[in-house]
Each structure stands twice: as C-alpha cells, then as structure tokens.
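Please build the complete structure, drawing on both the sequences and the hints.
Using full-length UniProt numbering, the letters of the sequence shown correspond one by one to residues 1 to 308.
Hints in this document: simulated from the structure, not taken from any laboratory. Treat the numbers as computed from the prediction; the structure is a model and nothing was measured. Note that beta-carbon positions come from the ideal geometry of N, C-alpha and C, so glycine has one too. One or more hints might be untrue.
To be verified - Label pairs and their in silico Cβ distance ranges:
| # | residue 1 | residue 2 | range |
| --- | --- | --- | --- |
| 1 | G30 | H106 | 28 to 38 Å |
| 2 | I125 | A92 | 31 to 41 Å |
| 3 | D146 | P78 | 51 to 61 Å |
| 4 | T81 | I28 | 39 to 49 Å |
| 5 | Q142 | L59 | 40 to 50 Å |
| 6 | L230 | I12 | 21 to 31 Å |
| 7 | R181 | L96 | 50 to 60 Å |
| 8 | T190 | A163 | 33 to 43 Å |
| 9 | S48 | T81 | 44 to 54 Å |
| 10 | D164 | P78 | 21 to 31 Å |
| 11 | L230 | M161 | 32 to 42 Å |
| 12 | T190 | I12 | 29 to 39 Å |
Unchecked claim - Only pairs whose alpha carbons sit at most 27 Å apart, straight line, appear in this in silico DSSO-like list of lysine-lysine:
| # | residue 1 | residue 2 |
| --- | --- | --- |
| 13 | K209 | K182 |
| 14 | K209 | K149 |
| 15 | K182 | K149 |
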Amino acid sequence: MQCRSFSRLVLIFTNVLFLVLGGVLIVIGGYMMHVPDLNAFSADGISSAVMACGVLIVLIALLGCCGAHWESKVFLCPYATLVTVSVVAQLALAGLMLHVHHSLVHISQASYANQSALLSEDDQIILGSLHSIFNEAYDACQPQVDLIKSLQVGSVVLQCMGADPSYQWFAPFAANRCSIRKQDLLPNSTFRQCAKDMADGASATQLTKEALFCSCEANLVAWMDEQSELIGTIVGVIAGFEVALVLLSFYLVCTQRRRHRGYQEIRMPLRPQFNAHPYNNLRMNPANNPYQPQAGRTAQSPLVPPQP
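Shown next, in the form of structure tokens:
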C-alpha cells in the first residue's frame, strides 16, 4: 500500500511538471513563429508541430493528474494510451534530429574541394535543403552587398532591396551568420574553393549568390547542428520520462481497489440497541422494560435508558 501511495504521489508530481513543460513548449513554438530566420531555416511546420506537442503534453498531464488523484481508469487508460503514442512519435523525432546532427557534422568536416565525393546522399540532401532555403530568401530580399565595408568589419553588410517586407530579416541574419575577410579572396583560400564564380581579390567588387552562401555556410551549418542536437536530446529525455509515467499509470490501473457498485453494505454494530417502539414495549416483560414508570412515579423514564 505504501508503494502504491508513493507511485501515486510521483505520478501527480511528474504530471504537474509536465504541465509546466507543455506551457514552455507552447511558448517556444510561438517564439519560433515570430523569429523569421529560425522559422525559415527550420523544417516546414516545425513551429506549429512544437506548439501541437505542447498542447498534447498539457492534455496528457491533465489526464494523468486526474487519474492519479481519483485512481480512475476513465482517466488512466486514455492517459497511458496517449503517452504511449507520444513516446513513439518523440523517439522517431529524436532519431531524426540526431541523424540530422550527424549529417551536419559530416558537412562541417568535409572540404569544399571534394565535398560531393565525401558526403553521403542523405548529407547532400540536407545541405541542398539549406541551400534552397537560402536561395529563396536571397531572391525575395534582393540584397545589395557592400563588399568594401564587409571586408573591413569581417561580416557581410547588405541591404534588402526587395519589395517583400517579410524578408527584411535577411540583412541582420547575414550580419550575424555570414563572414568574409580579405584573405578569403585569395585564389587558394577555402572560401574560393566554394565560391568558384567569385572574381580574384583585387577585381572583386560584389558577392554573387553562391559566394554569399559560401560565406554563410560554415556558421549556418554550425548553428543548425546545435539546434538539432539540442532538440534531439530534449525530446529523448522527455520520452524517457514518459516511459516511466506509462509504467506508473499501468501499475495504478492494475492495483486499483475493488469498489462495490450500487448500495453499500450496512453492518449492524455488535452492541445491542434498544428500540423505543410502543409495540415492543407492550410485548416486553414489565420487569425488564426500561420504559415502564418507576416506583412512586407516574412519568415515563427517559427514552434512552442508562447503558451498562
């Protein structure tokens, strides 16, 4: 019984934490929607998926708290089912994020000269998706790069000339994620191995689309690598906690107390009780009837006789 009570308290406490976690995920999803560069370079609908996961975790936590408090199968059975589905989905998501993390590590280690030969097909698909997102933002922004100032400060300085105001985030993104120096314009530099259509150092006056992506690729891959590793680790830890919650909920369901349905059993006390009904008084021997008038009195004794 003590083990059962402890499991019940642990289940309630953990689900309260999951309520907080679900709220945090909803806030993170809303934050991702309002950060344009993070929303653009994430997978399609990832911010909405994070918010949906937060809502699902809040629902799971409410069912778990109600089921642990009332020890009812009405709450515990749907709770265990939803947590099981959530665990399977989160393990799949964690595996995907860790796979992306390893691919980004391979991309960061591969040299530009023989990048296509060193990268696997999956790695090239991930790099191609980053490149396509970058090209879409570049075409919408239509940036005008100040190469002279960029070489002075070390980061790319540009101004968006496009008519779409939703892509104005590309300018601060390039300033934070893209870098170029004078030594990068040398013929044998790593940057020139990537930006093959870039002119030589003295004759370079502007950055092409490919050259701008090459100036951003290293930092962009490192940033996405950190995000994928962080998401995969957090999702894996949450899935591990949810496995423990499933086991606790199944334990409470299997050890649920059996309750009687309908009317409860009424047990009479062992101590004899006296019934003051007149019919019983008439049939009882006057000598043993405690309700008969006492000697010298005409009033009846109290209804409740003195107990032995």
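Now the hints, each set against the structure:
Separation of G30 from H106 is about 33 Å and conforms to the stated range, judged on CB atoms against 28 to 38 Å. Roughly 18 Å separates the CB atoms of I125 and A92, a value that falls outside the hinted 31 to 41 Å. Roughly 59 Å separates the CB atoms of D146 and P78, a value that falls within the hinted 51 to 61 Å. Between T81 and I28 the beta carbons are some 26 Å apart, a value that contradicts the proposed interval 39 to 49 Å.
Separated by about 45 Å at the C-beta atoms, Q142 and L59 satisfy the suggested range of 40 to 50 Å. Under the hint 21 to 31 Å, the C-beta atoms of L230 and I12, about 29 Å apart, fit the expected range. Here the CB-CB span from R181 to L96 is close to 36 Å, at odds with the stated 50 to 60 Å. Between T190 and A163 the C-beta distance comes to about 35 Å, which sits within the given range of 33 to 43 Å.
A hinted range of 44 to 54 Å for the beta carbons of S48 and T81 is inconsistent with their spacing of about 23 Å. In this structure, D164 and P78 break the distance hint of 21 to 31 Å, their C-beta atoms being roughly 45 Å apart. At roughly 35 Å, the beta carbons of L230 and M161 sit within the given window of 32 to 42 Å. In this structure the hint that T190 and I12 lie 29 to 39 Å apart at CB is violated, the actual value being about 56 Å.
About 18 Å separates the Cα atoms of K209 and K182, which keeps this hinted pair within 27 Å; it holds. In summary, the hint linking K209 to K149 is supported, as the alpha carbons are separated by about 18 Å, within the 27 Å threshold. Using a Cα cut-off of 27 Å, the hinted pair K182 and K149 holds, with the two alpha carbons roughly 11 Å apart.
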